[in-house]
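Working from the sequences, and respecting the hints, build out all of it.
Chains as they are written, first to last, in this note's numbering: chain A, 713 to 965; chain B, 713 to 965.
If you're looking for bench data, these hints aren't it; they were derived computationally from the structure.
Hints may be right or wrong, so weigh each one.
Given that identical chains are not distinguished, each listed pair holds provided it fits within a single copy or across any two copies.
Claimed, not checked - Below, computed lysine to any residue pairings styled on SDA-like, alpha-carbon distance capped at 20 Å:
{"#": "1", "residue 1": "K725", "residue 2": "L913"}
{"#": "2", "residue 1": "K725", "residue 2": "A904"}
{"#": "3", "residue 1": "K725", "residue 2": "D905"}
{"#": "4", "residue 1": "K725", "residue 2": "R908"}
Number of protein chains: 2
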Amino acid sequence: MGTTQLESVPEPKYWHLKTVLSEALDSEFTVGEILPNERDLAARFGVARATLRQALEQLELEGRLQRRRGVGTTVAPPRMGVAVGSDQQVWPGTGDDGWQAVDCTLAAPPAVVATALETARDQAVHIVRRSRVSHGQPVAAELLYVPVTSVPDLTAIDTPSEAARARAVLRELQRLELEGQDRAVELGSARADDARELDRLPGAPVLVVTTRFFAGGRTAALSVATYRADTCRLTFGASGGVEIHHGPERQAS
Amino acid sequence: MGTTQLESVPEPKYWHLKTVLSEALDSEFTVGEILPNERDLAARFGVARATLRQALEQLELEGRLQRRRGVGTTVAPPRMGVAVGSDQQVWPGTGDDGWQAVDCTLAAPPAVVATALETARDQAVHIVRRSRVSHGQPVAAELLYVPVTSVPDLTAIDTPSEAARARAVLRELQRLELEGQDRAVELGSARADDARELDRLPGAPVLVVTTRFFAGGRTAALSVATYRADTCRLTFGASGGVEIHHGPERQAS
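As structure tokens, then:
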């Protein structure tokens, strides 16, 4: 990395620095390499520490850098494409998509979930916890809310473990005819328990995918899945069926 | 807002504060209301300014708060659902989806786009700029990359304005038979020009939606659309056809 002094530009200084740093990452660093410390970097580019930090934050948002406790700032590998939606509509737990059932509890859901499920505010629902692994890394944590009325025969099932109970709920759900589903994606911050599962700090940026499953003319289940925003690119589609491949340059513009 | 002192908790302090603040927003504040300044808030909750700032950042990520220059921190309205994908696959520019053509240039695209389009690195493509408005607010800015070979008859068209030229490219594109499309969603930061169009600062978190359109056995066009992450919830689907409605509580878990 050279000792380029930044000239005054109409854009914010950190923005211009980000572009310069980004080019340096492409040309001089390899994936996994640890960046020099902030003081050295700030000196080399002739900027204040605060400006440098802003630029580093930008590059982290864009998935170019990873900050890890005890390690420092490293050059991130390209984001993984993680399939979220397809033309086929299927119940959760069908197909080999990397999801694993963790456990299942019976509890009152948050108000917004109760509203979506059209259950009474204090009515307990099955809450199935699942986690998703892709390429050996945790990528998502999910809470799947299933009203008791969606799986009426479940009470008869005596299961030995929490994970088995979760799988039993999924199995019962699959007996319903799936009439459709819809999905929403938005930015969020990782709750403490999700963060632990995703190996991130609480509050790390995540992509929250909310999926409603329709059966019998109503919402039979609601999934709230939290994906790591730093390492994942969510993919939807694809009639074309081809994977989008981004090279070392991650931003397509 | 009361003068609650935070007790020591196993979670990071800012995280607990975030939860307390979030409840206060629900019960004591209305949408658009300006929050007390940071010093007053920190004093009321008995936390350091740095802790308060972290909690406010979390709430901004979750779309609960908006920070605007010259105004301060205000309580955000619920995020808008903005339809991104549907079961139907259509060319851009068809249908009434709030997109407006802005202009069109002929230039070499970024390397990653050239790779996706399978064009040579220095080969110029049509770059159509569009912007999307929903509920009277700018929600997205798009660059649509169209190889010259996808619209071979375009050169014959003599157009009076940039916007008309953009529309002409879209019209020519629609003459091709669309064989399929795929999509990816990832976190990014707003480039300076997008930020201007979206009424945000450069570097603000955005949701980047990359769509490939397939025709004639290849990628006939590539769209990179940048959505405001603070105000938008991207919706996909829906065979069910029902809008997901989130109430004042935005996080469904």
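Please flag the earlier hints that this structure goes against, numbers listed from lowest up. Hint check: nothing fails, all pass.
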